[in-house]
Amino acid sequence: MTGTLVSLLKNRIGHEFLDFEDHSNEESVEGRVVVITGANSGLGKVVCGQMVARGATVIMACRDMAKADSVSSEIKSIFPTAQLHLLKLDLSNLDSVRSCAVNILEKFPHVNILINNAGYFGVANTVERTKNGLEKNLAVNHLGHFLLTLLLLGHLKKGSPSRIVCIGSSNYKWSIPNPDDLNLQSEVNLGLFNVAPTSKSKFCVMLFAKELGKRLEATQVKTYSLCPGLVDTGLFENFPWLLRRFWNTVLMNIVGASPTQGAETVMYCALRKECSQESGKTYRFARYWPEADADMDEDLAKKVWTASEKLAGVKFEEVNSNGFDRKFLRKYKSNSNELGQGQKVIPMILGPAYKNKVAALESIYTNDKMDLFI
Numbered sequence: 115m116t117g118t119l120v121s122l123l124k125n126r127i128g129h130e131f132l133d134f135e136d137h138s139n140e141e142s143v144e145g146r147v148v149v150i151t152g153a154n155s156g157l158g159k160v161v162c163g164q165m166v167a168r169g170a171t172v173i174m175a176c177r178d179m180a181k182a183d184s185v186s187s188e189i190k191s192i193f194p195t196a197q198l199h200l201l202k203l204d205l206s207n208l209d210s211v212r213s214c215a216v217n218i219l220e221k222f223p224h225v226n227i228l229i230n231n232a233g234y235f236g237v238a239n240t241v242e243r244t245k246n247g248l249e250k251n252l253a254v255n256h257l258g259h260f261l262l263t264l265l266l267l268g269h270l271k272k273g274s275p276s277r278i279v280c281i282g283s284s285n286y287k288w289s290i291p292n293p294d295d296l297n298l299q300s301e302v303n304l305g306l307f308n309v310a311p312t313s314k315s316k317f318c319v320m321l322f323a324k325e326l327g328k329r330l331e332a333t334q335v336k337t338y339s340l341c342p343g344l345v346d347t348g349l350f351e352n353f354p355w356l357l358r359r360f361w362n363t364v365l366m367n368i369v370g371a372s373p374t375q376g377a378e379t380v381m382y383c384a385l386r387k388e389c390s391q392e393s394g395k396t397y398r399f400a401r402y403w404p405e406a407d408a409d410m411d412e413d414l415a416k417k418v419w420t421a422s423e424k425l426a427g428v429k430f431e432e433v434n435s436n437g438f439d440r441k442f443l444r445k446y447k448s449n450s451n452e453l454g455q456g457q458k459v460i461p462m463i464l465g466p467a468y469k470n471k472v473a474a475l476e477s478i479y480t481n482d483k484m485d486l487f488i
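Each residue of the sequence shown is one higher than the one before, counting from 115 in my numbering.
Heads up, none of these hints are tricks.
Using 30 Å as the maximum straight-line C-alpha spacing, the simulated DSBU-like pairs for lysine-lysine come out as follows:
1) LYS441 with LYS202
2) LYS221 with LYS181
3) LYS417 with LYS287
4) LYS424 with LYS272
Label-pair ranges, simulated between beta-carbon atoms:
5) GLU431 with GLN391: 24 to 30 Å
6) LYS221 with GLU144: 18 to 24 Å
7) GLU144 with GLN334: 14 to 20 Å
8) ASP295 with GLU392: 29 to 35 Å
9) PRO275 with GLU431: 20 to 26 Å
10) LYS424 with LYS221: 26 to 32 Å
11) ARG243 with SER435: 31 to 37 Å
12) GLU220 with GLY427: 16 to 22 Å
13) ARG243 with LYS190: 36 to 42 Å
14) PRO404 with ASP295: 26 to 32 Å
15) ASP209 with GLU144: 32 to 38 Å
Please keep in mind that the hints were generated in silico from the structure rather than gathered at the bench. Glycine residues also receive a C-beta, built at the ideal position from the N, C-alpha and C atoms.
Using the sequences and the hints, build the whole thing.
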């Protein structure tokens, strides 16, 4: 843990955060379809606002629909023509993931960018289980996104060149996943402050992006994993009081970043031209992160992939075949009530008022905290 904090400090000092108003080195997303999980708070909320400001059609895939609706209203108060669609997505429930995927496949012709952002940081004294019997950190951070991504793969190909952005973490170093016991059926060592399950799940996220990039190398669907830095999102509120106080009053002031600053690497991977042909690599502070990339062992990535397919009940060979979208839609019934009614797409022109609108967005993000379970 100490090594991770030192690394963050070394990279954070002297780093100038990206200027979100400078779009000169970005791919245009005007009229393109962007799916963001956990778009109702924290990094997801910031990225949602930034994508809307650029004219994208954004699908907000969230567990808390009331909160998502509130965020949608906030953003539309600034951008009245915003194309925001609300979808129910509980990543801890694989049935909910399938339902969300069906809604996207039915209602949208393609997907251009998928941002797997939603996260969970559990520090319980015992292994937490979902209704599917999955370890909760693994389900929300990795397996739910693993399943969603593969089910949307055909739509991402239709929308290519397209990008898949996965939110990892520097804490992946704290515990290595065991492909033979990915679901923690046997392991009882939860690590210091019980963070091992979260660390393992984030490692899986980054290995997933690596392996998926290899499997899609012949396509124009690119994958990225990243650490957004030590972002003030409230994820450590369940920690013991003394550690939480040290975290909030000392560490956050030294190496911490706001959700807006933390979103820069997400936006970098999603839009920047210089990484448009890169795939399967890892990033931090809006630049390539070779140390983490070197840790993404190819053999481990393959084994974690195989274990993930079994736990999520999905096969890459099946979803990667022609016509999978239609077969999947016939197999699963759609719950159309979960999809918010969107307006007709109206291309947005970013004129002189853009700066004022960004300032208004900043006021929304001030002191924003991410739910422990988005």
